[in-house]
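As they're listed, the protein sequences go chains U and G.
The number in this note's numbering is simply the position in the first sequence, starting from 1, with 176 added.
The number in this note's numbering is simply the position in the second sequence, starting from 1, with 60 added.
Worth flagging that the hints you see were computed from the coordinates, not collected in a lab.
Straight-line distance between alpha carbons at most 25 Å, and here's what the computed SDA-like set of lysine to any residue pairs gives: (1) G:286 to U:559; (2) U:491 to G:307; (3) G:375 to G:239; (4) G:286 to U:560; (5) G:286 to U:566; (6) U:491 to G:66; (7) U:356 to G:299; (8) U:491 to G:67; (9) G:286 to U:558; (10) G:286 to U:551; (11) U:491 to G:74; (12) G:286 to U:494.
Computed from the model, here is a short list of chain G residues facing chain U with C-beta under 7 Å: (13) 62; (14) 285; (15) 296.
Note that CB positions come from ideal geometry on N, CA and C, so glycine has one too.
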Amino acid sequence: MDLSYTAEDRRFRGEVATWLHTNVPKEKRPPDGAEGCAFDRAWQRSQFDGGWAGISWPKEYGGLGLSAVRQFIWHEEYARARAPHIGMVFLAINQVGPKLMLEANAAQKDAHLPAILRGEEIWCQGYSEPGAGSDLAGIKTRGVVDGDHLVVNGQKVWTSYAQHSDFQELLVRTDPAAPKHKGITFIIVDLKKTRGIDIRPLELMSGGKHFAEVFYDDARIPLANIVGTLNDGWKVTMASLAFERGTAFTADQIDLAARVEALITYATEHPAPGGRRNAIEDDEFRRRLALARAEVAAMRAMTLATVSRIEREGKPGPEGSMMRLFYGALSQRICQLGMDLLGPERLELSPMAQGWTHPYLRTFCHTISGGSAQIQREIIAGRVLGLPRSR
Amino acid sequence: MDLLPSAEQNQTIAAVAGYMADKLPVSRYQKLSYDAPELPGAAPREVASLGWLGFALDESQGGAGGTIADELLIAREVGRHLGPLWVTGGMLGARVAALAGDTALARRIIAGDAVVGFATAAQGSPASSDSPSGTIHLVGTEGAGYAVLVDEPGGVLIDLSKLQSQPRPSLERQLSLARAQLAPAAVAARLPAATGALFPRAAVLLAALQCGNAEATRDMSVEYAKLREQFGRPIGSFQAISHMVVDMALRCEQAWTQLCVGALSLMDAQRDARFHVSSAAVLANRAAIDNARANIQVHGGIAMTQAHNANYFLKRSHVVETLIGGSYLHLEAVIGSPVPGAQ
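When you get a sec, could you build the whole thing from the sequences and use the hints?
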């Protein structure tokens with residue numbers, strides 16, 4: 177057991193910090209939208225040109241192939257340098273890329289992996305449907321083989337950044353007669369070139385158009401775009417899930433720690449709503465802030481344990497699968513604490529306002545998207561604790 | 061950077077776990093009479109012969125030259141079986157004696173010849189004065205020669221033969237409780253706070269007991285949820301149960317990983333060590349108490365009785381929370397610390 181870093185790791189930290197200090201964009205990331213999209217692409221390109229793209233990707237795919245410890249160091253320095261949120265590039269770098277590395281053929285890898293690293297391809301998911309959320313394998317969007325194309329009809333929903341994306345990883349039902357996990361195909365859709373696709377953005381409760389509904393009306397997609405084989409898409413989808421539970425969310429966690437510190441500073445300068453003293457002198461606020469501080473520390477400790485486990489055993493341990501559940505609930509508690517502290521200020525809603533109301537509304541997605549908190553608990557109950565299946 | 065135990069530390073864990081399961085398992089409580097406290101008997105000398113009590117003291121003081129990280133791992137395994145408090149009491153008592161210069165007493169404690177229970181102040185901080193006094197509670201001192209009291213201002217080792225004490229009914233009946241007036245004459249050794257970071261060190265060991273406790277109840281609930289059937293199915297297949305058990309597991313991971321960071325920060329004398337230790341103490345108290353409560357709910361009616369072990373874990377979690385200084389005190393240290401990790 178040891179908290180100290182090797183001399184090489186410390187030197188690496190220095191290099192990262194130096195590069196980020198010079199290259200992090202001076203302007204704030206614009207809100208989601210065309211401007212935000214252009215910003216995300218340019219920042220990814222800038223990291224690529226600097227030799228820092230794909231820190232977790234293997235070298236053979238153009239990444240840096242960094243150890244889990246160095247990925248963690250990168251994310252820590254990234255947050256410390258106040259570098260922008262990865263934004264619309266997240267899915268391509270953290271999920272699509274790893275999935276293609278594991279399951280795609282050579283032509284598909286060549287076509288997409290380098291372009292993703294250069295920030296030239298924004299990707300979206302095509303998983304959830306109105307009737308298939310937590311029960312993802314229940315999708316009904318149909319894919320029918322017609323010559324050398326798959327003809328797709330149906331609807332997807334909760335598709336983040338669909339309106340800005342170049343490509344989509346799409347799950348369709350290609351064998352309705354097979355058991356539900358066996359009749360699904362995973363196919364790459366070129367959103368800019370495929371006809372018969374209608375994207376309708378949905379407005380979030382915080383404002384802004386993050387999600388979209390995507391409708392398919394006889395959309396013809398080349399069979400060559402199938403990843404893996406026909407009807408074997410469930411396996412392809414599940415392939416990169418372990419990858420996700422490494423250090424991909426480290427920057428978000430570190431950002432949350434910074435938010436807690438900002439709240440503590442705020443509480444030392446402002447009275448508690450309805451109270452007579454500064455909020456930091458109020459026992460209730462004081463203890464809630466202290467607990468938040470302790471919990472973000474524990475989240476970092478769990479990440480360190482995950483990093484240690486990956487270094488030792490090649491894969492994350494139980495703490496890895498618990499991270500999303502913990503982060504989702506904690507980010508909500510902390511934003512709610514911010515709302516409670518603000519008083520009347522909380523009524524102002526804009527991403528550039530006091531910095532709490534907007535994130536508060538956004539945190540609701542942290543226990544819903546990417547597998548709800550209930551689904552996370554199901555996964556932990558079954559795979560970590562070995563409890564019997566609930567259905 | 062590596063938060064996991066080394067191969068050597070894993071051997072220590074296995075040895076302690078094996079001894080506890082064999083000689084001092086929690087099931088020993090079922091054999092004790094409800095109103096009579098557990099007496100140390102010959103166990104301290106046997107445990108001492110395994111080297112636990114002086115594991116992290118210097119060899120010149122009769123110890124084995126290990127670290128707080130080693131003690132942490134031992135204490136977690138002891139906590140898993142609700143082991144006798146004189147194990148951690150001995151670790152802390154030997155340290156107070158050794159650092160205060162009474163090497164002979166330290167050696168007697170390490171050898172198991174002097175048994176050390178705990179004392180906690182009814183109010184105030186007796187250790188802050190050159191002539192410590194005030195009302196104290198003695199916890200787990202039946203059959204012991206000494207009690208160790210550790211709080212923010214430092215630590216005192218109390219000679220119980222020089223103290224008048226009145227037995228009191230105890231929350232945990234197998235663990236003795238008494239009240240006494242501390243007088244300077246009863247102080248065998250005293251250590252100011254500045255020496256050896258005694259209070260955070262005690263917090264690490266006690267939080268490790270809490271982590272062991274929390275992990276034990278998590279495991280009891282997992283096993284029971286697999287076996288117990290209602291409505292023709294194992295109760296672990298009901299989400300109302302399984303999600304509660306998942307939350308128990310999450311609380312364990314939060315507390316244990318943070319406690320490892322706290323212990324290692326203390327070992328390295330890092331600036332934010334106190335912040336990390338107190339954060340861990342808060343989370344370990346929460347894990348132990350909330351898990352013990354949930355464990356009773358998962359087990360249902362039988363867990364409300366003395367016939368089942370679940371109640372002992374709950375009671376011990378409250379005892380240790382009190383000895384550690386209470387969660388509110390540690391939350392105060394957390395919020396009073398400078399920004400953690402800042403350089």
